[in-house]
Amino acid sequence: MPTLLKVNDLKKYFEVNKGLFGRQKSVVKAVDGINLDVIEGETIGLVGESGCGKSTTGRLLLRLIEADQGEIIYKGQDLRKLDNESLRKTRKDMQMVFQDPYGSLNPRLSVGEIIREPLRTHFNMNKEEQQKRVKELLDVVGLNQRYINRYPHEFSGGQRQRIGIARALALNPKLIIADEPVAALDVSIQAQVLNLLKDLQKDLNLTYIFIAHDLSVVQYISDRVAVMYLGKIVEIANSETLYKNPQHPYTKALLSSIPVPDPTVKRERILLEGDVPSPLNPPSGCSFHTRCPFAEQRCKEETPSLLTVADQHKVACHLVN
Amino acid sequence: MENLLEVIDLKVTFPTSKGRIRAIDGVNFKVKKGEILGIVGESGSGKSISSLSIMGLISDQGQVEGKILFNDENLLNKTEVEMRKIRGDKISMIFQDPMSSLNPVFTIGNQISEAILLHNKGVTKKEAVEKTIELLKLVGLPSPEQRIHDYPHKFSGGMRQRAMIAMALACEPELLVADEPTTALDVTIQAQILELLKEIQMKLGMSIILITHDLGVVAETCHRVAVMYAGHVVEETDVYTLFANPKHPYTKGLINSLPKLGSRERLTPIQGQPPQLYDDLTGCRFASRCPFVSAECLENEQVIAEVTKGHFVRCHKEVG
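Residue numbers (our numbering), protein chains in the order written: chain U, 1 to 321; chain L, 1 to 320.
Only chain L is shown next, with the shape it has when bound in the complex (with noise of 0.2 Å):
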């Protein structure tokens, strides 16, 4: 299959009162056309960052490098008026909080027609309001021709979230980003917006990038996985080799970490806590909370290699 994102050795930098904290620090995954990439990972690994520099949404303050290729072209080089076209046209996220991202002012059938008229020149609004009805009806949303007269505040929290991927879908995008977009929601509603988001992208064949911090959810929506520690990327595989066979010690520990239904065998947690990013860092970043640590692994920052095809590992221990 065709890549149709490549990160490489992607690097964003915050400057703060204590000096540059290092966010990403050399990141590199790869999205092919058609796949969900699930990016997993605890606050502060640097998976949000990821997805707002895809998006070009860094913070002036923010220094990015490195390259970010889709459909070959660099997104790094491109300017704010670009990535405008770009944004919410090929590429468009959907995030966490589906309270704070609609706009409490406008109707939803507004703010989802404002995508398509935005993006397509010619097209009349009441086109624009057929095809928003369309697309509530695809996300399944009950009643969409009465609905699009509501304001945000009349929907569920799921109700907002099927919203909010309506207008990510407004443009037939190619990729689309979603950062945590079921951490808000209960159970019962996260099983429903996670069917949705599979089903729609079997129908329009598009690719996504999941970002979580919940395994079971990316054991259950994603083909291909990152996992990211500390700004780096530590383990990259297809979902059913990151289960099986992991081989990072992070993602050994993440798996353990967590509570199994069925089972109440003690619970095997990590210890200490993820170190703070500032300038100062070497060798690898997991060696203070690692039980398999050597002396190298505190010198020496492994990079990223591959173990076998399509496994990728960053430890000294695995690659050697």
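Just chain U, with the same shape it has in the complex (with noise of 0.2 Å):
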């Protein structure tokens, strides 16, 4: 399968004010250095913890916000050289599903101008085309078509998900970027959505970015999962592989800490101390030093990189590599 997109070295330092009237800069280092190659017709998740830099990795990759350094190549084109026009136009197979379906509908439009916006603004459809396509979509997310005069307001969480997604479904992308689509979800109405997107991706050939904090969701939908630690990719490999053979400390000790829904498993519980550390001031070296229980010397000095161990299996680690 041919790459789709492929990321290099992509990097984000946000500028903070501290101290008094804020006159010392300080640096968090959202994103640093990320790469990434998305395959045709994939879900990849990216998983972490708050503050790992995982949504602002996908904001980057459509330019939501301007990255610092590093390239987004897709079709052969690097997205951060492009002007304004092309950018629009590139962005028509690029689209995006946001966690909060209460904060990302405007609540002055009705259903059918939600969807019909961006058909607007990149098609040159007359009126009736635009109705039936609007139609066509709401159908295709699992809507009824005489919902489409009503508000937002009027819809349940996972409805409101359903008009997210047929929003970004309305300019036939070939990626799309979901970030946290289901954590604002009750499991019942979780499951309906996962189902939905997995539906769509086998129906219109659609490849997925996938964005969210919880493993089992992600390992559920992704073929290969990108776990981020402060900014960084730890360890990405095969969903299967990553569950039955994680390297990584961090990778073991993540999955480790999800409760599993079964009172007779009990578990060998890699528990972590403390928290993440805080981006502002992250430590030398392996990032994960500070919490890993495996930390030698070595780890406190040097940044280990991302290495292969196995195909298609790549750990940042010094004990690994």
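Hints are computed from structural coordinates only; laboratory data are not their basis. Treat each hint with caution, since some may be false.
With a cut-off of at most 30 Å between alpha-carbon atoms, the simulated DSS-like pairs for lysine-lysine come out as follows [said to hold, decoys possible]: (1) Lys314/U - Lys260/L; (2) Lys266/U - Lys203/L; (3) Lys67/L - Lys317/L; (4) Lys252/U - Lys137/L; (5) Lys252/U - Lys75/U.
Values in this document were obtained by computation on a predicted structure and should not be read as measured data.
Two chains, each in its own frame: build the complex with the hints.
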């Protein structure tokens, strides 16, 4: 399968003001050198805890915020070098689904108008064609066509997320970046939306970048999973490999922290000490060494790079490589 | 084991512009001494309203009926002054959001020792501070001697929740109500807090009501579980039976909706959405989403009944 999107050494540093009157400047390395190949038709999951840079990465890829360094190569061209007009055209292929189904829909627009908007800005369609397409899209995401004139507040969280998905699909995109699309939903509704996303992928040959903090959800939907910690990818592997044979101590701890809905399973739990360090002041060397149960002297000094350990399996850890 | 808390036929309604909402409609459950009872359910199922009723924190518009027996005394007959003595002393609560449940303008030490000073006459300030340090040590906060002088904004989410737990434990309560205590936390921190709750429960022998939407959390921490749906307890049993042999179609649906680690088999979601809880509801509240629905379910409301020893289910099909 060909590569759809290639990300090389992507970096985003935010400047923050600190101290009295904000005179001191310091830097948050939100995304600190990410390399990623997204293959056509696959789902790649980005997981990590709050502040690891997973959402920032998603936004950087669409240039919703500008990166400081690196390349985002889509169809042979670097998105970061495109001018506004060609970026607008390329963006048609890439759409986003947001976490908060309450905040990401304009309350003053009806469902029909919300889904029609991208059609208006990108396609040369007349009113009837637009209306027809909107109805089609409502069908695709499992919403009744009768709802076309209703407003977002009349819908539940799950239904709103379907509206958000319909809007993203309006332009026949190739790539969808879904940032925590099910985190705000109840489990029974979450399962409905996850199944919908899977079905759409099969029918429309979509590629997903699926960003979430819930490893069991990511593992369910993704073909490959990248685990992030403090702005870096620490491990990337096939979904199954990652679950069965995690290599990085952080991935192991993350997996063992997930509560399993089966009381008969007694697991050896790796409890991490303390919290994720502040990205304002990340630890030297391997950024995980402050919480790693196996850290050695070397981990404090040298930053490990993401190296291949097996086919399609890369890990950034001195102890593994 | 003795019952510490018994909730009998609890009903809570709230007036809205569209009529009264029956947030809780005849809920029964028990908490034994030294046990962790989990209450699971989705948004709007009434799990938080149950816990607020126990604490006597339902706002004035809310109408509360039924009985809440705590050590055989009905809490609903207590005056506000009497409740204030019980809250924080015999029953205490920790909330979901550790950011907004701490007062930003007082130090952590100040806030914890306040509870000790309020509920124990004759304790000096110095003793209260010592006790505070001891409590913070118990909940695993590093270097508590220094940290008591810090304000909440200096604490991370996990540390704040530890401070909240310390505060709740200040008067050695008999019952701790924890409403989604780990929902706002990252998984690795959640694991720490859940371990801490279990450890403290063993050490102090108190009872805990753990309210959560996460079946995984229930499976790992609770002894018994009550599953709530649309203002009813639909199933109540011990944790092993619940997962090995769930009886209510909602419980089954909930378990099937969960992605399981290591498996990518297609999920079976529950179709549809929960009903709105206005006055005119008839029949089983799960009927509109239930795959096994029959005419009987739409007409008559089933009461919760014991199907095998200690296993209570609210379903026509199971109870007959």
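Tested hints:
1. Lys314/U - Lys260/L: holds, 24 Å
2. Lys266/U - Lys203/L: Roughly 21 Å between the alpha carbons, so the hint for Lys266/U and Lys203/L holds.
3. Lys67/L - Lys317/L: Satisfied, since the Cα-Cα distance of roughly 29 Å is no more than 30 Å.
4. Lys252/U - Lys137/L: holds, 28 Å
5. Lys252/U - Lys75/U: The given pair, whose Cα atoms are some 36 Å apart, is violated under the 30 Å limit.
Checked against the numbered hints given earlier, the structure breaks only hint 5 and satisfies all the rest.
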